[in-house]
Amino acid sequence: MKLKGVLKPALAFSLFLALLWGCAEEVKEEVEVLPVFQYTIDASSGEEWAYFNFSLGSRVTISDPTTSTEWDIGFQRFRIKVNCGTSGPGKGGVVNMGAVDFDSVTTAPTEGYVVDEMLKWEHPGMPPIEYSGNPAMKDWYEVKGGMPPLLISKKEVFVVRTADGKYAKMQILDYYDEEGRGGFITFKYAYQPEGTANLRTK
Amino acid sequence: MRRYLTSIVGAVLMIALAPAGASAQAGRIEGTVTDAETKEPLAGANVVVEGTTLRATTGADGSYVITPVPAGEYTLIASMKGYKKLTKSVRVRPGETTTVNFELEETIFELEKVVVTATRTETPVKDLPASVSVITEDDIEKIHTKTLDDVLNIIPGVSPERYKGFGTTTGHMGVCMRGTGHASRTLVLKDGVPLNDLHYGTVDLWNTLSSCNVERIEVVRGAASALYGSSAMGGVINIISRPPRKRARAGLRFEYGSRGTLIASGNYSKVFFDRLGLSISAEKKRSEGYKYYEAERWKDYYKETTTDLLNAALRVDWRLKEGSILKLELERNEEKPVVTTSTRYEIQNIIDRVTLGYRGSAGKTMYKATAWAYKRDASTTALKYNKSTKAHDKPYYTSDIPSDGWGFMGQVSRTIKGHSLTFGADLQGAKVETSYDYAGKGLRFYTGKVSLYSIFVHDEISLLKGKVVLSLGARYDWWKHTKGRFIDETTGKLIEIDYPERGNSAFSPKAGIVYRPREEIRFRVSFGTGFKAPGIYYLYRSGPHGPRKFDVGNPDLKPERMTHSIDIGFDIRPIEELQATFTYYNSSFKDFIYKKTLSEEEIPPYFHPEPGQEVIQPVNVGRVDIHGYEAGIKVDLHPHWSIFANYTYNRSIIKEHELAPELEGKKLRKTPEYRFNFGLTYDNPKLFRATATFRNVGPRFYDEKNEKRLEGYSVWDLKISRVLFGGLELSLSVDNLTDEKYKMSWYYLAPPRTIMVGLTYKY
Chain A
1 MKLKGVLKPA
11 LAFSLFLALL
21 WGCAEEVKEE
31 VEVLPVFQYT
41 IDASSGEEWA
51 YFNFSLGSRV
61 TISDPTTSTE
71 WDIGFQRFRI
81 KVNCGTSGPG
91 KGGVVNMGAV
101 DFDSVTTAPT
111 EGYVVDEMLK
121 WEHPGMPPIE
131 YSGNPAMKDW
141 YEVKGGMPPL
151 LISKKEVFVV
161 RTADGKYAKM
171 QILDYYDEEG
181 RGGFITFKYA
191 YQPEGTANLR
201 TK
Chain B
1001 MRRYLTSIVG
1011 AVLMIALAPA
1021 GASAQAGRIE
1031 GTVTDAETKE
1041 PLAGANVVVE
1051 GTTLRATTGA
1061 DGSYVITPVP
1071 AGEYTLIASM
1081 KGYKKLTKSV
1091 RVRPGETTTV
1101 NFELEETIFE
1111 LEKVVVTATR
1121 TETPVKDLPA
1131 SVSVITEDDI
1141 EKIHTKTLDD
1151 VLNIIPGVSP
1161 ERYKGFGTTT
1171 GHMGVCMRGT
1181 GHASRTLVLK
1191 DGVPLNDLHY
1201 GTVDLWNTLS
1211 SCNVERIEVV
1221 RGAASALYGS
1231 SAMGGVINII
1241 SRPPRKRARA
1251 GLRFEYGSRG
1261 TLIASGNYSK
1271 VFFDRLGLSI
1281 SAEKKRSEGY
1291 KYYEAERWKD
1301 YYKETTTDLL
1311 NAALRVDWRL
1321 KEGSILKLEL
1331 ERNEEKPVVT
1341 TSTRYEIQNI
1351 IDRVTLGYRG
1361 SAGKTMYKAT
1371 AWAYKRDAST
1381 TALKYNKSTK
1391 AHDKPYYTSD
1401 IPSDGWGFMG
1411 QVSRTIKGHS
1421 LTFGADLQGA
1431 KVETSYDYAG
1441 KGLRFYTGKV
1451 SLYSIFVHDE
1461 ISLLKGKVVL
1471 SLGARYDWWK
1481 HTKGRFIDET
1491 TGKLIEIDYP
1501 ERGNSAFSPK
1511 AGIVYRPREE
1521 IRFRVSFGTG
1531 FKAPGIYYLY
1541 RSGPHGPRKF
1551 DVGNPDLKPE
1561 RMTHSIDIGF
1571 DIRPIEELQA
1581 TFTYYNSSFK
1591 DFIYKKTLSE
1601 EEIPPYFHPE
1611 PGQEVIQPVN
1621 VGRVDIHGYE
1631 AGIKVDLHPH
1641 WSIFANYTYN
1651 RSIIKEHELA
1661 PELEGKKLRK
1671 TPEYRFNFGL
1681 TYDNPKLFRA
1691 TATFRNVGPR
1701 FYDEKNEKRL
1711 EGYSVWDLKI
1721 SRVLFGGLEL
1731 SLSVDNLTDE
1741 KYKMSWYYLA
1751 PPRTIMVGLT
1761 YKY
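Chains A and B, in that order, are what the protein sequence lines are.
Heads up, the first sequence is in this note's numbering, so the first residue is 1 and it goes up one at a time.
Heads up, the second sequence is in this note's numbering, so the first residue is 1001 and it goes up one at a time.
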């Protein structure tokens, strides 16, 4: 006689618990947020490229970039290359998301990745020279006149596919160090180690 | 009247008593006309029998004959351009030859002087539309001339710059004219051969060029590219050597003074057997230098700049038939300064020159040809100061800059129906190889070649019986720069860049008119254009420039162009003792070389500047407008005093500057607004000769932004000399008599008072 009275609230409570459980699971999935890192790489050499690996979160030394998959992105002063195409054997690529808010880029696009090719440096009267670089990241800066002229980042957000096909997003903040020397690039980035397209940082 | 009657009676008697043959009634005058100083025969001199149509012109040997001359007493007048007229009385006896010789003195009046620089042929100044100054041997001796730019200091419109006295190295000294702001815009010649190199466009011989054997220095103001091509924008300076002459000349000079400054020279010249002329000279100069920073800045391990200079020259002239001369000249210049501050630079510059010249005539046509070549080697060893060993023993770099140059100039002149025409062609070339070896890092260098070709024509038309002379001329220059290369080993990987070949050309016309209503006054108007071809340094030099800058060459550089250079002026000599001159000038040049800081993306990736180095490339920009005036006066107060004074006002303003508009309206750097010169000479051979000169230079800006202002300064110089006996003279010279502290550069103090005692012997 007494059991019948307990059953109704027990069922209700179980249902409630089940609902809670379900919600909690969902919220947990929706709330996966990537940490944001800031890094300054010394790419000031006029000759040597400086290579960076997103999963390690640091600069790496590469003897031959055209055969190595240990690097994701390379810098040489204001020039940038990504491990793909003419620059390396990796699965890299870049999509320029535009000068948007860093946190507003939450998902890596499925297509439109620009691959590295031979770019030409040209100036009237001077002999031209070619180098391997990524066309989507070629114009990341604006030149502000003055003596000397300064490179100012357009603050575009780039989604970069790493050498092993994972995704990261990055934004170049500054080209100069505290002493005003050029070639010390400070950028912020978020890396998705699981290989999914989720790049949510907030 | 009485003489006339006597002549008639005499003639009647002669006719009555003479045998058949009218010539027996007349006489003959003959003789030679020579230069009073050199004793050389004067060809082309006129000898006129006053009041008659009897005249003669001297031949190549200076001799003349006037015949037949009716017996009687006459006045003979001998004249030649560049010399004072001389008259002599002569009595001609029937059937006899009377010899009358003339020794003409060179004229001392500016207007009567003959110069070669303004037209490339000997022309009296009075026929020139240009503003000209002539510095004589006497001017060079009157003041204390240590280097030739010392004597250029007293000329209006000329701004010699010498930052550190004797120890001033190339790049820190030069002569600038008419407010053009840089020594590469003034052309300097030695006997018509350009001394400006094609590497920087400047002259690096001011320290070693000797004043022995300098006969005169001609200064022609204003653009003269119509005659001489590149670098003749502000004006032309021509150093004319004294050729060997029949009358032997020998000289010895020994001077010693403050801070171990020494000048010693010897020279000898003579023409042997009327055929072979020989001239040799050698000059050595040395100084231990002075402290060129203020006391607080002079660290204890800094040393005064010492220098050792040598000039040795040999000249041989072959006098061929009919007044033609072939000459060969060899010259060696050596300069060894040692500059010691935080870096010690041991420098050695050696410049060897050879010149082969020919001048001759065939009838009324004159020919001149000159072939020349130089070999220059500038090497530097740089060592940094080591605080632990307290010595300059840290190897920094060594550099070697061999550069060779050569040229050929040929011209033909002829007078046809009142036109004095000259046609000519000039060729010039240079090759530079520079290498810098950075201790432990390897070699970095650039090389390049330039070749210039040109043709010119000049015409002088004499109108209104010589009262008006019209000058017209034009020249076409074209050049190419080739074999520009940059090589860098210092990064561990060999970088070789081959610059593209480029060429350019310039057309330079000129026109001028002189009006001489009377002998004492000359009005002149002159128009000219100029240009400066870019030097190999600006085309191809790449590499670090001091610790904070990195140069990148620009093979696309165009010439700087002076679009117009106008002169209007007059010269007067109201009385024999007074000469005055005034000129207003206005000029403009564009596409001047400006060092642009490159933005990152403009820096060629094959160059590797250190982080933080500003990368600079020369480019052509803008326009500079210049105007000003020069006024001068010379007074002779017989018998002992003479005075000169001149004032130059100049304004050079940057009117357009596409890359740095904030510079528009600024004054061109290093152009003073005024220069005032004053000189007083007391000359009494029985006592002494003393010349005091005063120079006041106005303030100027050291930088383009006109923020670094250099104060104006005044300097007094004094030279007193006395002839002891024979040709021996004792002298005392004091430069910067009041020990004025002033600066010619932002960084260095100019030399303090210098006292020197000297002994010269002249034969």
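Since the hints were derived computationally from the structure, they do not count as laboratory data.
Bear in mind the structure is a predicted one, so any value in this text is a computation, not a measurement.
Errors might be hidden in some of the hints.
[Claimed, not checked] The following residues of chain B were derived to be distant from chain A, with all beta-carbon distances above 12 Å: (1) 1215; (2) 1502; (3) 1615.
[To be verified] Cut-off 27 Å, straight-line C-alpha distance, at most; resulting in silico cross-link-like pairs (BS3-like, lysine-lysine): (4) B:1590 - B:1708; (5) B:1549 - A:120; (6) A:144 - B:1596; (7) B:1449 - B:1483; (8) B:1595 - B:1670; (9) A:120 - B:1666; (10) A:144 - B:1549; (11) A:144 - B:1655; (12) B:1708 - B:1762; (13) B:1590 - B:1493; (14) B:1394 - B:1299; (15) A:120 - B:1081; (16) A:120 - B:1493; (17) B:1670 - B:1558.
All C-beta atoms, glycine included, are put in the ideal place defined by N, C-alpha and C.
- Verify the proposed pairing of residue 144 of chain A with residue 1596 of chain B, using a straight-line Cα cut of 27 Å. 15 Å, holds
> Is residue 1670 of chain B within 27 Å of residue 1558 of chain B, Cα to Cα?
Replying inline: Holds. Residue 1670 of chain B to residue 1558 of chain B sits at ~23 Å (cutoff 27 Å).
*asked:* residue 1394 of chain B and residue 1299 of chain B were given as a pair; does the straight-line alpha-carbon distance stay at or below 27 Å?
replied: 18 Å, holds
27 Å limit on alpha-carbon distance, applied to hinted pair residue 1708 of chain B and residue 1762 of chain B: The given pair, whose Cα atoms are some 47 Å apart, is violated under the 27 Å limit.
Checklist entry - CA of residue 120 of chain A to CA of residue 1493 of chain B, is that 27 Å or under? => result Holds, at about 21 Å.
Proposed proximity, residue 1708 of chain B with residue 1590 of chain B (alpha carbon, max 27 Å):
24 Å, holds
TODO: Take a quick look at whether residue 120 of chain A and residue 1666 of chain B sit within 27 Å of each other, Cα to Cα.
DONE: 39 Å, violated
With a cut-off of 27 Å on the C-alpha distance, tell me whether residue 1449 of chain B and residue 1483 of chain B pass. Holds, at roughly 6 Å.
Exercise. Would you check the hint for residue 120 of chain A and residue 1081 of chain B, treating anything up to 27 Å between C-alpha atoms as holding?
Key: 68 Å, violated
Is the Cα-Cα distance between residue 144 of chain A and residue 1549 of chain B 27 Å or less? 20 Å, holds
According to the definition I'm using, a residue is off the interface if its beta carbon is farther than 12 Å from all beta carbons of the partner; does residue 1502 of chain B meet that for chain A?
7 Å, violated
Would the non-interface assignment of residue 1215 of chain B survive a Cβ cutoff of 12 Å against chain A?
Per Cβ check, residue 1215 of chain B is outside 12 Å of chain A; nearest 46 Å; holds.
Hint compliance for this structure: hints 2, 3, 9, 12, 13 and 15 are broken, all remaining hints hold.
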